[in-house]
Amino acid sequence: MNSSTAPKSLNARLAAELEVGEPRVAAAVRLLDEGATVPFIARYRKEATGSLDDGQLRTLEERLGYLRELDDRRNAVLASITEQGKLTDELTAALMAADTKARVEDIYLPYKPKRRTKAQIAREAGLEPLADRLLSDPAQAPEEVAAGFVSADVADAAAALEGARHIIVERAAEDAELVGGLRERFWDSGTVRARPASEAAATAEKSQKFRDYFDHTEPLAAMPSHRVLAVLRGEKEQVLALTLDGGDEAVYQAMIASALGVDLTAKAAATPWLAATVGFAWRTRLSVSASVDARVRLKLRAEADAVSVFAKNLKDLLLAAPAGNRTTMGLDPGFRTGVKVAVVDGTGKVVDTCAIFPHQPQKQWDTAKATLAALVARHGVELIAVGNGTASRETDALASELVGEIRASGAKAPATAMVSEAGASVYSASAYAAHELPELDVTLRGAVSIARRLQDPLAELVKIEPKSIGVGQYQHDVTPGILAKSLGAVVEDAVNAVGVDLNTASVPLLARVSGITESLAEAIVAHRDKAGRYQSRRALLDVPRLGPKAFEQCAGFLRIRDGDDPLDASGVHPESYPVVRRILDRAGVGLAEIIGDERALRALRPADFADDRFGIPTVTDILGELEKPGRDPRPAFVTATFAAGVEKVADLKAGMVLEGVVTNVAAFGAFVDVGVHQDGLVHVSAMADRYVSDPHEVVRSGQVVRVKVVDVDVDRQRIGLSLRLNDEAKPGRGGTRREERPSAPKRKPQPGNNSGRRQPNAAGGSMAQALKDAGFGR
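Note that UniProt numbering gives residue 97 to position 97 of the sequence shown, counting from 1, and the numbers run on in steps of one.
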């Protein structure tokens with residue numbers, strides 16, 4: 001391979017994509033190859049990478065894997081073509097310039113071993129010269145020329161022309177430039193058309209959730225991800241039939257003719273036959289491949305968008321404000337089966353459980369309230385966490401009444417908070433829950449989880465498979481591997497950003513720490529159970545199979561409160577402790593004196609303590625940690641207060657201003673729980689007095705917000721909300737006949753996406769489309 005054909009180095013390609021210096025990329029690649037994790041590199045190797053953040057490093061890691069796979073495939077293709085004796089400088093240059101796997105496969109297609117095709121059979125019958133003559137000299141009459149190729153293997157002139165056609169079609173189908181051009185044209189100009197799969201599908205009750213797509217056509221390139229996944233789901237359920245149309249066939253045929261050197265306007269004798277051959281090539285081979293490519297591209301793009309939305313929401317949920325180490329009562333609401341109750345102490349240990357039946361059909365309101373009051377008094381309950389599922393408002397009303405009576409008596413009353421139940425049932429039935437809470441019935445484990453996730457959302461939610469937490473859009477339609485990898489990275493980054501208490505962390509939480517596998521997490525906990533609490537980070541080296549490399553990766557993210565060394569409670573890595581000693585020597589004070597002394601620490605210059613190993617970025621981080629050791633990056637804990645007397649959609653009136661909690665954020669808006677069992681929708685157009693391209697710029701999952709009710713449809717259980725409190729409200733709508741209205745989903749509707757759609761000026765005018773986007777039927 002000469003220098004003119006050699007591609008850019010892998011590091012150079014990554015540097016160009018990330019728009020950062022190649023030495024920074026080279027350092028990051030080296031660290032990743034050595035087994036360092038993204039959180040470790042982002043936090044403790046800033047000098048090497050020029051302070052690449054975790055987002056840049058995640059992108060680099062993903063692209064590094066793709067480009068290495070691309071290089072491996074390119075090398076395999078080069079080897080295959082070389083073995084065939086067909087490799088040329090031109091072909092080598094084309095393969096070296098290919099920047100996607102699809103491009104490599106397009107180039108390789110003519111040389112790829114394949115089963116015998118009709119074109120190969122025609123070549124074996126000696127018909128390739130016929131194809132060449134008709135292409136090079138269209139003045140000749142096809143039937144006359146073909147007559148000269150009749151043989152024992154070719155029955156007549158018609159058979160000869162058919163063979164020649166197959167040869168020409170295969171040439172077109174294996175022309176990498178042509179195939180790539182057709183693919184891009186189809187993507188840019190094509191449309192998706194959805195129709196009912198059958199008459200039965202169009203009238204079936206279960207199909208009505210797809211009714212918006214019974215007569216739907218949309219450009220391929222502009223179709224939002226939620227609608228792509230919706231129609232693909234409809235097709236999978238055999239409700240919808242999808243057709244991808246590339247548009248004007250004449251354009252594609254002109255492209256094919258040009259690639260073959262055919263002049264479709266010529267008045268030559270062979271022109272009609274050649275034109276028919278071009279049309280045949282498009283209809284039978286090239287339109288099919290272009291359509292398949294577009295379908296794959298459409299799904300991959302939709303999946304990427306869906307995963308991105310899920311990842312953002314999951315990050316917000318994981319990094320939600322923790323209530324802290326306070327005794328908490330968890331209430332898992334229910335009607336017939338009762339409200340499950342669990343009290344956990346400040347460490348999350350279960351100290352009491354029971355079930356109460358305040359609601360229908362038992363209606364033991366006063367008895368239930370007395371039971372809760374006794375638990376509050378007995379255990380000094382400081383917080384009451386109410387799950388936000390079925391019977392949540394009724395249960396919240398019970399808790400609020402209890403709190404009011406306790407406060408009226410002059411005693412200190414607990415605060416109440418509504419907590420997302422997303423994934424609680426999955427946790428309750430999991431093997432880990434059975435191991436962690438073996439003495440509890442599965443129904444009571446949910447109440448424990450609700451209480452604990454108020455204390456520390458991150459520590460509790462890591463016990464649940466991310467995709468089961470339910471803050472995504474159409475996550476069940478996304479390729480599992482793609483979703484799992486992305487969400488796993490989000491959880492890892494969140495856990496390491498916060499840090500983990502080594503003496504209280506569960507196995508699932510420890511397993512998300514940089515450098516710690518699940519088996520190592522189990523070993524750490526087993527050692528803790530056997531030898532007692534860890535007094536120092538260095539004690540981790542006594543854990544079987546936890547070697548120096550794992551220690552390097554994990555130590556800085558683990559915290560030890562009240563241990564032998566105060567630095568072990570901070571984010572300062574043990575490898576940097578000598579830097580701290582130099583700082584103390586220069587300041588002439590002890591560690592206990594300088595920790596938290598903002599004035600003294602800010603007077604120090606990081607450059608004075610930097611050396612060849614620990615540069616200014618690391619020293620700056622160390623001074624920041626000493627200023628606020630073990631600081632938690634999560635926001636302060638606050639709770640929403642739902643309006644009294646507003647418990648169902650019918651209680652809402654247009655114009656009301658309410659407090660609520662953001663439960664989910666999609667690309668077209670955000671869903672907000674205002675305490676009526678049905679989340680309301682704030683469309684992206686009603687989020688600010690400016691254009692908002694991404695709702696995550698304005699709100700996040702778990703955030704407490706004030707919203708105005710702008711539209712209420714009681715019959716269809718739809719609520720339109722606005723974050724702009726000066727928006728004009730609409731009067732509530734009346735009902736429709738049962739057979740005319742679709743079933744409205746209950747809490748946690750699947751969110752969608754409205755990317756690419758122009759935002760209207762008023763929130764109300766957007767509701768019909770917004771609700772359609774959210775999957776609420778027609």
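These aren't lab readings, by the way, just hints derived from the structure by calculation. Because the structure is a prediction, the values reported are computed rather than measured. Wrong hints could be hidden among the right ones.
Taking lysine-lysine pairs in the DSBU-like style, the calculated list, with each CA pair at most 30 Å apart, reads [unchecked claim]: (1) Lys349 <-> Lys236; (2) Lys101 <-> Lys206; (3) Lys206 <-> Lys236; (4) Lys485 <-> Lys46; (5) Lys363 <-> Lys463; (6) Lys549 <-> Lys315; (7) Lys86 <-> Lys46; (8) Lys118 <-> Lys236; (9) Lys112 <-> Lys101; (10) Lys485 <-> Lys530; (11) Lys549 <-> Lys363; (12) Lys628 <-> Lys648; (13) Lys467 <-> Lys236; (14) Lys118 <-> Lys8; (15) Lys299 <-> Lys112; (16) Lys315 <-> Lys467; (17) Lys46 <-> Lys648; (18) Lys463 <-> Lys206; (19) Lys46 <-> Lys369.
Evaluation of the provided hints:
For the hint linking Lys349 to Lys236, the alpha-carbon distance of about 45 Å lies beyond 30 Å, and the restraint is violated. Our distance criterion of 30 Å between C-alpha atoms is broken by Lys101 and Lys206, whose separation comes to about 40 Å. Simply put, Lys206 and Lys236 have alpha-carbon atoms about 14 Å apart, close enough for the 30 Å limit, and the pair holds. Only pairs whose Cα atoms come within 30 Å are accepted, and Lys485 paired with Lys46 is accepted, the gap being roughly 25 Å.
This hinted pair does not check out: Lys363 and Lys463 have alpha carbons roughly 34 Å apart, beyond 30 Å. Proximity of Lys549 to Lys315 is assessed by CA-CA distance (about 28 Å); at most 30 Å being required, the pair is judged to hold. A hinted pair counts as satisfied when its Cα atoms are at most 30 Å apart, and Lys86 with Lys46 does not qualify at roughly 48 Å. Using a Cα cut-off of 30 Å, the hinted pair Lys118 and Lys236 is violated, with the two alpha carbons roughly 33 Å apart.
Between Lys112 and Lys101 the alpha-carbon distance is near 15 Å, which keeps this suggested pair within the 30 Å criterion. Proximity of Lys485 to Lys530 is assessed by CA-CA distance (about 34 Å); at most 30 Å being required, the pair is judged violated. Among the hinted pairs, Lys549 with Lys363 is inconsistent with the structure: their alpha-carbon atoms are about 59 Å apart, more than 30 Å. With a C-alpha separation of about 45 Å, the suggested pairing of Lys628 with Lys648 is violated against the 30 Å cut-off.
At roughly 20 Å between alpha-carbon atoms, Lys467 and Lys236 fall within 30 Å of each other, so this suggested pair holds. For the hint linking Lys118 to Lys8, the alpha-carbon distance of about 40 Å lies beyond 30 Å, and the restraint is violated. As the CA atoms of Lys299 and Lys112 are separated by approximately 26 Å, the hinted pair is consistent with the 30 Å bound. Only pairs whose Cα atoms come within 30 Å are accepted, and Lys315 paired with Lys467 is accepted, the gap being roughly 12 Å.
A threshold of 30 Å between alpha carbons decides the hint, and for Lys46 with Lys648 the separation of about 52 Å lies outside it, so the pair is violated. A C-alpha spacing of about 34 Å is found between Lys463 and Lys206, which places the hinted pair above 30 Å, so the restraint is violated. Taking the CA atoms of Lys46 and Lys369, the gap is about 55 Å. The hint is violated against a cut of 30 Å.
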